[in-house]
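Asker: Construct the complete structure from the given sequences, taking the supplied hints into account.
End of the sequence shown = 127 in my numbering, gap-free, step of one.
Just so you know, the hints here were simulated from the structure itself, not pulled from any lab data.
We treat Cβ as the ideally placed atom computed from N, Cα and C, and that holds for glycine.
Hints may be right or wrong, so weigh each one.
Computed beta-carbon distance windows for the label pairs [stated by the list, open to error]:
{"hint": "1", "residue 1": "Arg69", "residue 2": "Gly100", "range": "27 to 35 Å"}
{"hint": "2", "residue 1": "Asp70", "residue 2": "Ile46", "range": "44 to 52 Å"}
{"hint": "3", "residue 1": "Lys90", "residue 2": "Ile46", "range": "16 to 24 Å"}
{"hint": "4", "residue 1": "Asp37", "residue 2": "Asp116", "range": "14 to 22 Å"}
{"hint": "5", "residue 1": "Pro82", "residue 2": "Met112", "range": "31 to 39 Å"}
{"hint": "6", "residue 1": "Ser109", "residue 2": "Leu36", "range": "14 to 22 Å"}
{"hint": "7", "residue 1": "Ser117", "residue 2": "Glu95", "range": "33 to 41 Å"}
{"hint": "8", "residue 1": "Ile46", "residue 2": "Val96", "range": "31 to 39 Å"}
Calculated pairs, DSS-like style, for lysine-lysine (alpha carbon to alpha carbon, straight line, at most 30 Å) [said to hold, decoys possible]:
{"hint": "9", "residue 1": "Lys107", "residue 2": "Lys74"}
{"hint": "10", "residue 1": "Lys97", "residue 2": "Lys81"}
{"hint": "11", "residue 1": "Lys23", "residue 2": "Lys81"}
{"hint": "12", "residue 1": "Lys97", "residue 2": "Lys23"}
{"hint": "13", "residue 1": "Lys23", "residue 2": "Lys74"}
{"hint": "14", "residue 1": "Lys90", "residue 2": "Lys107"}
{"hint": "15", "residue 1": "Lys23", "residue 2": "Lys107"}
{"hint": "16", "residue 1": "Lys107", "residue 2": "Lys81"}
{"hint": "17", "residue 1": "Lys23", "residue 2": "Lys90"}
{"hint": "18", "residue 1": "Lys107", "residue 2": "Lys97"}
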Amino acid sequence: MLKLHVSTFIQSVNGGSVMKFRPLHDRVVVRRLDTDQRTAGGIIIPDTAKEKPTEGEVLAVGSGARDESGKIVALDVKPGDLVLFGKWSGTEVKIDGDDLLIMKESDIMGVLDSTLKSSKTKAA
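Answerer: Okay, structure coming up:
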């Protein structure tokens, strides 16, 4: 008997309403991480000059893609992972007021080690 992993639902409370979304197959829901509002020299960057961040947090993942034999192959990323992706990766969607990206796992270049990132910012 094949037992499937039930995908994570995204749940957030916005004005009393609860949003539920479950990505299918090998799709991943990502929230972009905010970029710095200022340069290292203190210059404020206007919104029109900012590039879209290519880092984000995985909020939910699908159950996985099927291989040639029809078996489901679980995804490597999981909710809570910090990931890097291409500038034009994914489809931008707005769900209950949240700007999110839905992309295939293959659009993700890698997972950032959050312990390394936090220790690097403490050292600076």
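Asker: Given a hinted range of 33 to 41 Å, is it respected by the beta-carbon distance of Ser117 and Glu95?
Answerer: Roughly 24 Å apart at Cβ, these two residues miss the hinted range, so it is violated.
Asker: Taking only the CA atoms, is the gap from Lys107 to Lys97 under or equal to 30 Å?
Answerer: Holds. Lys107 to Lys97 sits at ~17 Å (cutoff 30 Å).
Asker: Taking 30 Å as the top limit, are the C-alpha atoms of Lys23 and Lys107 close enough?
Answerer: holds, 19 Å
Asker: Taking the beta carbons of Asp70 and Ile46, is their distance inside 44 to 52 Å?
Answerer: holds, 50 Å
Asker: Taking 30 Å as the top limit, are the C-alpha atoms of Lys23 and Lys90 close enough?
Answerer: Holds: Lys23 and Lys90 sit about 26 Å apart, inside 30 Å.
Asker: Using the beta carbons of Ser109 and Leu36, state whether their distance is inside 14 to 22 Å or not.
Answerer: With Cβ atoms ~21 Å apart, the hint holds.
Asker: If you draw a straight line from the CA of Lys90 to the CA of Lys107, is it 30 Å or shorter?
Answerer: holds, 14 Å
Asker: For the pair we were handed, Lys23 and Lys74, check the Cα-Cα distance against 30 Å.
Answerer: With Cα atoms ~27 Å apart, Lys23 and Lys74 stay inside 30 Å; holds.
Asker: Against the range 16 to 24 Å, how does the distance between the Cβ atoms of Lys90 and Ile46 compare: consistent or not?
Answerer: holds, 22 Å
Asker: Range hint 31 to 39 Å: satisfied by the CB atoms of Pro82 and Met112?
Answerer: For Pro82 and Met112 the Cβ distance comes to about 18 Å; the hint is violated.
Asker: Quick check on a hinted range of 14 to 22 Å for Asp37 and Asp116, using CB atoms only.
Answerer: holds, 20 Å
Asker: Regarding Ile46 and Val96, is the given constraint of 31 to 39 Å on their beta-carbon distance met?
Answerer: The hint (31 to 39 Å, Cβ to Cβ) holds, given that Ile46 and Val96 are roughly 32 Å apart.
Consistency note: the structure conflicts with the earlier hints numbered 5 and 7.
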